[in-house]
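Sequences and hints are given; from them, build the entire structure.
In this text, residue positions in the sequence shown follow this note's numbering: the first is 298, and each later residue adds one.
Accuracy of the hints is not assured; some may be wrong.
[What the hints assert, rightly or not] Pairs of lysine to aspartate or glutamate residues, derived as DMTMM-like cross-links and limited to a Cα-Cα distance of at most 25 Å, are as follows:
(1) Lys717 with Asp572
(2) Lys1003 with Asp963
(3) Lys632 with Glu831
(4) Lys944 with Asp963
(5) Lys633 with Asp390
(6) Lys788 with Glu805
(7) Lys482 with Asp500
(8) Lys788 with Glu607
(9) Lys479 with Glu467
(10) Lys474 with Asp356
(11) Lys611 with Glu831
(12) Lys462 with Asp390
(13) Lys618 with Glu754
(14) Lys734 with Asp539
(15) Lys734 with Asp919
(16) Lys516 with Asp539
Keep in mind that the hints were calculated from the coordinates and are not lab data.
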Amino acid sequence: METNAISRRNFLRVSGLAGTALCLGFYFPANAKKEELISASAAGQPGFEFNAWMRIDTDGKVTLTDHRAEMGQGSYQSVPQIIAEELEVDLKDIDVIFAIGDPVKYGSQITGGSSTIRGSYKKLLKLSATAREMLITAAANKWGVPANECYAESGHVIHKPSGKKFNYGELVTDASKLSPPKEVKLKSISEYKLIRKPLNRMDTPMKTNGGAIFGLDKKLPGMVYAAVERNPRLRGKIKSFDSSAALKVPGVKQVFKIQMMVFNTTRDGVVVIADSTWAAMQGRKALRVEWDDSGFEHVNTADIYKAHEELLRKEEGLSFKKQGDPDGALGKSDKKIDVIYQTPYQSHAAMEPLNCIAHYQPDKIEIWGPIQAPDWVLNDISTKFKMPKEKVIVNMTFLGGGFGRKAFLDYTHEVVAISKEIGAPVQVVWSREDDIKQGPYRAGISYRGQGSLKNGEISALKFKMAGQNIDHWNGPARGKANGSTSEGFLKPYYDSIKNISFADVPYEMPLPNMWWRSVYASTNGFAYESFMNEMAVLAGQDQLDFRRKYLKDERCQRLIDRMEEVSGWKSRQKNQGYGVAITECFETTVGQVVKVSRNAEGKVKIDKVWAVMDCGWYVNPDIIKAQVEGSVVMALGAATIHEITFKNGLVEQNNFYDYLMPRMSDVPHVEVHIMENTADAGGVGEPGLPPFAPALTDAIYDLTGKRIRKLPFNMNAV
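As structure tokens, then:
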């Protein structure tokens, strides 16, 4: 059992609904680095904002306020599963509602960085255990018996000697008047009845019967619909437009110019307002718009990568991390490699297209939609429209995928601006073409890897990256290295390799770029782990044995053991088509082994993927498996099928007919294994993506002898 001290100063106990509910939550002080459980006395202080993460009503029903978005990653199931474990309630007795955007009450609400569980699970466990102990004490007091004669189970407190029991609902009024215990004991992992169990997701029924409310499902009285013809080149302006044909389309009501904010610049567009989405889209097709695209660079994909290569050869870049003397070691070695890897621009391409509803009123702005960062939207809208934050309400719906795109602020700014212009609630729906052509994108990045060996051991590693920096778009021009230059590179390497260097070669381009699933690890992982495989070949050593020498951390050693065990790595034969990679992302390490072969037509096919994840403490193994499988599918597409390319400043892709998604027939069997340990929780939704591409290309090298250093590549051509 784990004892967790909870002082009165660090716990919030309030009685809500006139003493008819037990409400428990967290308080997020201004400028605090992390949330705190708050004292009871603070609840009465001026300006106090209470966050009722959990409320138990007199009918015994538990209502959980989910402060993060549910976009398929499973927080709608995982968070209640945590609560139910220590609170000792049935999952069927927990209702989940989405929080509004409010960083004062809820702290960070960005659903990104695979942070929902790893950032909150300890506090949720303590909160639930504290509520359970208060309910037990309330029951013991009613019976006049010692609390240690009572226990909680399935939403009841039971007196062991007599068998008498109370429903939680019968105890909440008394429990709400108690002081919280100074410490609570949390269950050990071996005692879990719900956590670490593959329980069915609570949101699956509503997502299959139509009960779940996504952004497109939300309707408001008097709401109209908008489609926007946006300039296909960021920074382009409207020279003129003719709306006469659009206004003749049945249902079209109004046409006007609009600007949306895209980072620190703007994108022009023409808005068509109609009484249905279909009418708005038809009206948009009838528009005639002339654009002014002068005064800024019109880029081409080939020029981007040519510039990358020139920079990587000529520039040392901004140093991110350096230890030892890698240049000196490289200069002394005659056994070394010097190669360049390239990764493409990618669209997020979530299955649910962008959409949002806004109602601008002089004294209030309210928004509804698939929003990944409601707290960011709140701050952004408040600032740009000069509306007090308490007058801006941001409501989350379910999301049909996000991958970072729906944490961006352009589409929410645009819909509020349109609502303000027309003085009515409005829904804006982006087409698939809008989504793919407008961006923002995962930036294409190029890498130069230099390495040397001495006596079969790594004597130096030197990496440089050249590509757009997300942080540059969010702030001033770059004066220091990209803080994600080494993302995905395993930390234990630093303890075993004497000479290492990472540098960022600044590269600026007027293309909007943004986080994409696993962020920089998705591109870094391909370059760095492909390079480690090449170093192993140069040393004439097995790829996993080679890594084992440098990844001396116990968890890495156990992970490698498991990879070898489940994949049959040690019994494979040379040139059978096996490849490997291990990456770290958001405090989770994932190793993957990929097996390829040739089909009857002589073309390379993927036979199987073995994925071993060490995410520390976890909740639901089925959700983990689903996330890893989804990550592999997304990584497969990014490695072998789709990319965003530019010609004369225009995106060449349009829809899924030329930005292809992997089909079921393309996807191999993915076998997922979860490492069992008691370490702190790491992320789950994203870390399964980065190791796939380097493991796949390593497998192809093993089978064919062809080394792939540029993505995407055509599987039928290797």
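Now the hints, each set against the structure:
no., hint, result
1, Lys717 with Asp572, "17 Å, holds"
2, Lys1003 with Asp963, "21 Å, holds"
3, Lys632 with Glu831, "12 Å, holds"
4, Lys944 with Asp963, "29 Å, violated"
5, Lys633 with Asp390, "62 Å, violated"
6, Lys788 with Glu805, "29 Å, violated"
7, Lys482 with Asp500, "30 Å, violated"
8, Lys788 with Glu607, "29 Å, violated"
9, Lys479 with Glu467, "24 Å, holds"
10, Lys474 with Asp356, "18 Å, holds"
11, Lys611 with Glu831, "23 Å, holds"
12, Lys462 with Asp390, "18 Å, holds"
13, Lys618 with Glu754, "21 Å, holds"
14, Lys734 with Asp539, "23 Å, holds"
15, Lys734 with Asp919, "35 Å, violated"
16, Lys516 with Asp539, "30 Å, violated"
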